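Number of protein chains: 2
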Amino acid sequence: MTSSRGPNSRGPNSRGRVELVCVGDELLVGDVLNGNAAWLGDKLCRAGLPVAAVVTVGDDVDEIAAALLAASARAEVVVVTGGLGPTSDDVTREGLAAAAVVPLLRDAEVEAGLERWYAERDLSMPGLVLRQADVPRGATVVPNPRGTAPGLRMELATAMVYVLPGVPAEMTSMAERHVLPEIVSRAGRPGPSVQRVVRVALEGEPVVASRPEWRDDAEGIRIGYLAEPGEVRVRVTGRDAAAVTRVAKQAAVLLGPAAFTEDDDTLDAVVHRLLAERNATVAVAESLTGGLLAAALTAAPGSSATFRGGLTAYATDVKGSDLGVDEALLAAEGPVDPDVARQMASGVRERFGATYGLATTGVAGPEPVGERPVGTVFVAMDGPRGRALASRRLTGDRDRIRRLTVIHALDLLRRHLVGLPAYDPGDEIGQ
Amino acid sequence: MTSSRGPNSRGPNSRGRVELVCVGDELLVGDVLNGNAAWLGDKLCRAGLPVAAVVTVGDDVDEIAAALLAASARAEVVVVTGGLGPTSDDVTREGLAAAAVVPLLRDAEVEAGLERWYAERDLSMPGLVLRQADVPRGATVVPNPRGTAPGLRMELATAMVYVLPGVPAEMTSMAERHVLPEIVSRAGRPGPSVQRVVRVALEGEPVVASRPEWRDDAEGIRIGYLAEPGEVRVRVTGRDAAAVTRVAKQAAVLLGPAAFTEDDDTLDAVVHRLLAERNATVAVAESLTGGLLAAALTAAPGSSATFRGGLTAYATDVKGSDLGVDEALLAAEGPVDPDVARQMASGVRERFGATYGLATTGVAGPEPVGERPVGTVFVAMDGPRGRALASRRLTGDRDRIRRLTVIHALDLLRRHLVGLPAYDPGDEIGQ
Numbered sequence: 011m012t013s014s015r016g017p018n019s020r021g022p023n024s025r026g027r028v029e030l031v032c033v034g035d036e037l038l039v040g041d042v043l044n045g046n047a048a049w050l051g052d053k054l055c056r057a058g059l060p061v062a063a064v065v066t067v068g069d070d071v072d073e074i075a076a077a078l079l080a081a082s083a084r085a086e087v088v089v090v091t092g093g094l095g096p097t098s099d100d101v102t103r104e105g106l107a108a109a110a111v112v113p114l115l116r117d118a119e120v121e122a123g124l125e126r127w128y129a130e131r132d133l134s135m136p137g138l139v140l141r142q143a144d145v146p147r148g149a150t151v152v153p154n155p156r157g158t159a160p161g162l163r164m165e166l167a168t169a170m171v172y173v174l175p176g177v178p179a180e181m182t183s184m185a186e187r188h189v190l191p192e193i194v195s196r197a198g199r200p201g202p203s204v205q206r207v208v209r210v211a212l213e214g215e216p217v218v219a220s221r222p223e224w225r226d227d228a229e230g231i232r233i234g235y236l237a238e239p240g241e242v243r244v245r246v247t248g249r250d251a252a253a254v255t256r257v258a259k260q261a262a263v264l265l266g267p268a269a270f271t272e273d274d275d276t277l278d279a280v281v282h283r284l285l286a287e288r289n290a291t292v293a294v295a296e297s298l299t300g301g302l303l304a305a306a307l308t309a310a311p312g313s314s315a316t317f318r319g320g321l322t323a324y325a326t327d328v329k330g331s332d333l334g335v336d337e338a339l340l341a342a343e344g345p346v347d348p349d350v351a352r353q354m355a356s357g358v359r360e361r362f363g364a365t366y367g368l369a370t371t372g373v374a375g376p377e378p379v380g381e382r383p384v385g386t387v388f389v390a391m392d393g394p395r396g397r398a399l400a401s402r403r404l405t406g407d408r409d410r411i412r413r414l415t416v417i418h419a420l421d422l423l424r425r426h427l428v429g430l431p432a433y434d435p436g437d438e439i440g441q
Numbered sequence: 011m012t013s014s015r016g017p018n019s020r021g022p023n024s025r026g027r028v029e030l031v032c033v034g035d036e037l038l039v040g041d042v043l044n045g046n047a048a049w050l051g052d053k054l055c056r057a058g059l060p061v062a063a064v065v066t067v068g069d070d071v072d073e074i075a076a077a078l079l080a081a082s083a084r085a086e087v088v089v090v091t092g093g094l095g096p097t098s099d100d101v102t103r104e105g106l107a108a109a110a111v112v113p114l115l116r117d118a119e120v121e122a123g124l125e126r127w128y129a130e131r132d133l134s135m136p137g138l139v140l141r142q143a144d145v146p147r148g149a150t151v152v153p154n155p156r157g158t159a160p161g162l163r164m165e166l167a168t169a170m171v172y173v174l175p176g177v178p179a180e181m182t183s184m185a186e187r188h189v190l191p192e193i194v195s196r197a198g199r200p201g202p203s204v205q206r207v208v209r210v211a212l213e214g215e216p217v218v219a220s221r222p223e224w225r226d227d228a229e230g231i232r233i234g235y236l237a238e239p240g241e242v243r244v245r246v247t248g249r250d251a252a253a254v255t256r257v258a259k260q261a262a263v264l265l266g267p268a269a270f271t272e273d274d275d276t277l278d279a280v281v282h283r284l285l286a287e288r289n290a291t292v293a294v295a296e297s298l299t300g301g302l303l304a305a306a307l308t309a310a311p312g313s314s315a316t317f318r319g320g321l322t323a324y325a326t327d328v329k330g331s332d333l334g335v336d337e338a339l340l341a342a343e344g345p346v347d348p349d350v351a352r353q354m355a356s357g358v359r360e361r362f363g364a365t366y367g368l369a370t371t372g373v374a375g376p377e378p379v380g381e382r383p384v385g386t387v388f389v390a391m392d393g394p395r396g397r398a399l400a401s402r403r404l405t406g407d408r409d410r411i412r413r414l415t416v417i418h419a420l421d422l423l424r425r426h427l428v429g430l431p432a433y434d435p436g437d438e439i440g441q
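Going down the list, the protein sequences come from chains A and B. The opening position of the first sequence corresponds to residue 11 in this note's numbering, with each subsequent residue numbered one higher. The opening position of the second sequence corresponds to residue 11 in this note's numbering, with each subsequent residue numbered one higher.
It should be emphasised that the hints constitute simulated quantities derived from the structure, not laboratory data. As the structure is a prediction and not an experimental result, all values here were calculated from the model. Backbone N, C-alpha and C define an ideal beta-carbon position, used for all residues, glycine too. Fair warning: there could be bad hints in the mix.
Rough simulated footprint, nothing fancy, chain A against chain B, three-plus residues with beta-carbon under 8 Å [as the list claims (entries may be wrong)]:
1) 62–68
2) 90–99
3) 145–151
4) 180–189
5) 276–285
6) 373–384
7) 417–423
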């Protein structure tokens with residue numbers, strides 16, 4: 011089991027152990043994903059202080075107090091997010107006071123700051139807002155560069171507890187400006203752990219994980235696998251930067267053409283870079299992806315240099331009138347057809363004067379289109395050195411099928427740009 | 011503090027308390043958001059068994075065992091996700107065995123099932139996969155309808171522990187098919203809690219929260235607020251369906267034109283429905299949003315009835331050649347200009363033969379465009395009953411500015427469709 015001891019294993023009560031406590035009913039009932047925990051986890055891991063545990067509780071004084079007491083008994087640093095807002099369901103202040111068995115006192119300085127904040131914006135201050143000036147006795151205030159709710163800092167049991175707002179923009183600026191530097195300096199800088207992420211398109215986790223040459227315990231290097239729809243991320247972590255780089259490169263070689271980065275680049279960023287290096291541009295014609303492919307190709311800063319434009323031809327007649335797809339073909343085969351995809355790719359390439367044309371057509375569902383079942387997808391690429399087509403039968407709901415199709419389209423172009431054959435899972439569907 | 015007692019408040023050791031334990035380094039280092047916890051939290055809340063706490067730990071046997079022991083001491087039901095995969099960093103089986111102080115035994119039936127799974131797909135089975143047949147003594151197996159890793163069911167302390175895979179598709183199908191029904195029947199159906207969500211576009215949380223008439227403790231009704239970029243969700247929860255509906259309707263009335271749903275519909279779904287009710291269609295011309303607006307308008311099933319098509323005119327010359335934007339205007343003012351937005355809207359409306367045209371232009375950043383600073387955004391709408399324009403100075407990073415712009419565009423059309431004036435935050439920028 012030693013292979014399960016990694017940078018995240020510090021064991022209860024060990025020095026430098028960091029835990030997060032996230033507060034908010036919205037996190038428990040699934041209204042929102044816990045992006046704050048992910049952001050803090052990433053920052054602390056890169057600082058050499060990986061988070062050992064995250065506890066999420068609702069907007070309830072008793073639950074918050076119990077979670078704070080348990081975490082502060084295990085950890086040296088506890089970072090709390092959420093429940094500092096002005097509304098009556100924001101009770102993290104009360105929870106911290108209950109855990110420390112101290113009263114809440116209204117802080118005159120914070121109160122004045124709140125009044126100033128609203129006055130500067132010519133806004134009348136809702137009375138509720140003043141709750142944000144309540145501070146547990148013994149706690150100190152952490153300024154909020156972006157909003158009204160101040161953060162808190164308080165010793166509890168063996169731990170230093172930092173309380174940050176739940177609004178991401180306020181949490182991140184307060185953490186970067188004040189809290190993270192303080193935590194790192196307290197911890198006496200154990201030295202950051204280095205991380206490289208090899209990303210693999212369109213291959214399943216078992217295929218990746220079963221590469222025989224891999225060993226998780228090589229030179230204190232840890233390898234983690236994360237499977238997402240259409241992608242697997244292989245994360246290599248350790249304190250020896252050279253070893254991490256070596257293992258990551260070895261992994262990329264073993265994984266072959268499906269590996270598109272060793273530096274955790276997104277697939278769209280890789281395609282953007284490959285196009286930029288070749289002074290090439292792309293234009294897209296989309297049916298089922300409805301704009302998602304264009305959005306991916308314009309996500310990176312500077313994409314205006316490589317992205318000419320896109321057409322979402324959702325109505326079938328638009329495919330004919332705007333992309334020059336053969337009307338007879340559309341009438342005979344319908345919009346979900348490999349040749350329609352090919353003609354969309356060449357059509358959009360021509361009409362936008364782009365180096366490459368990329369097109370998607372298919373059935374996102376929930377209803378089939380003609381004889382084509384849900385999940386039938388055709389992706390086509392047209393360029394100066396030839397054309398390529400991917401035919402797939404994808405599974406999942408509408409959103410998943412749309413997103414997977416975007417990955418298939420981006421990867422089709424990526425492989426063509428670097429001179430690789432198109433990905434072939436051996437499940438080509440009839441054309 | 012009674013207002014902090016809500017459906018999520020059951021207090022430690024109370025009957026029917028449910029906790030989640032999520033396993034995976036990727037969750038702690040921020041590689042991935044905890045979608046499994048959100049999905050399970052939503053399902054369990056709707057079933058009347060709101061999750062009281064979520065504990066996330068890494069791929070570490072000791073951490074997993076400690077989290078399982080603590081959760082099973084507090085709760086009656088503990089649902090665990092992750093760490094059941096074939097790779098060496100999947101050690102949830104070992105963690106459960108350590109918590110129960112029992113050995114792992116290889117299950118012959120599961121082993122045979124794994125071999126069958128690979129044989130049926132003509133795949134050679136990586137040796138690692140057999141680890142998935144290891145079962146703690148005393149645990150029973152939960153079949154996996156979608157993958158190779160079986161789930162586990164085991165009594166621990168006062169709780170029944172269910173272990174599900176981390177891969178979302180496998181986790182959700184196993185939960186819906188086997189685990190959730192079992193949990194609900196064990197709990198003796200406390201009766202589901204009803205939930206309505208009023209969603210508000212483009213207004214800040216304090217404005218929403220400070221509506222004086224609201225009381226959180228009315229008739230056991232709980233009101234939660236969730237602020238996201240460009241939107242606030244007001245969640246009304248309780249066991250009395252009539253009271254929940256009454257309070258939600260009251261909230262929607264108090265919130266006025268900014269409230270676009272009482273049933274948690276997304277803004278794009280609302281716009282789609284409003285268009286469908288009017289047998290109207292929309293076409294979009296996008297610059298900085300790069301396809302995101304089209305993607306939003308095609309997210310809903312059946313959107314082909316209301317969405318004609320979209321053009322992402324990323325290259326400036328495309329705005330002229332494809333949308334008939336006055337070349338002289340483009341030359342004089344550049345692409346980020348209110349009149350360019352207006353001409354894009356009317357141009358795309360005409361070329362796609364849509365009832366309404368919607369257009370976005372602006373500066374997503376990181377670099378300014380000419381004299382226009384990052385965050386400058388113009389959104390225009392053109393329709394049979396007139397035109398509308400929204401000029402904004404948005405803050406945040408590239409991704410946030412692009413997403414906020416989509417919300418401004420959708421809301422501009424929504425308000426026009428229902429005969430409301432356009433949202434005016436009083437921060438119109440110079441035109």
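Hint check:
1. Remark: the segment 62–68 of chain B is confirmed as covered by chain A, as 7 of its residues place a Cβ nearer than 8 Å to a Cβ of that chain, reaching the required three.
2. For the segment 90–99 of chain B, the stated coverage by chain A is satisfied: 5 residues place a CB nearer than 8 Å to a CB of that chain, which reaches the threshold of 3.
3. Counting residues of the segment 145–151 of chain B whose C-beta lies closer than 8 Å to any C-beta of chain A gives 0; at least three are required, and the coverage claim is violated.
4. Note: the segment 180–189 of chain B has 0 residues with beta-carbon separation from chain A under 8 Å; the three-residue rule is not met and the coverage is violated.
5. Requiring three or more residues with a Cβ within less than 8 Å of a Cβ of chain A, the coverage given for the segment 276–285 of chain B is violated, as only 0 such residues are present.
6. Given a C-beta distance limit of less than 8 Å, the hint that chain A covers the segment 373–384 of chain B holds, as 3 residues qualify and 3 suffice.
7. Coverage of the segment 417–423 of chain B by chain A is violated in this model, with 0 residues showing a Cβ closer than 8 Å to a Cβ of that chain against a need of three.
Checked against the numbered hints above, the structure violates hints 3, 4, 5 and 7; every other hint is satisfied.
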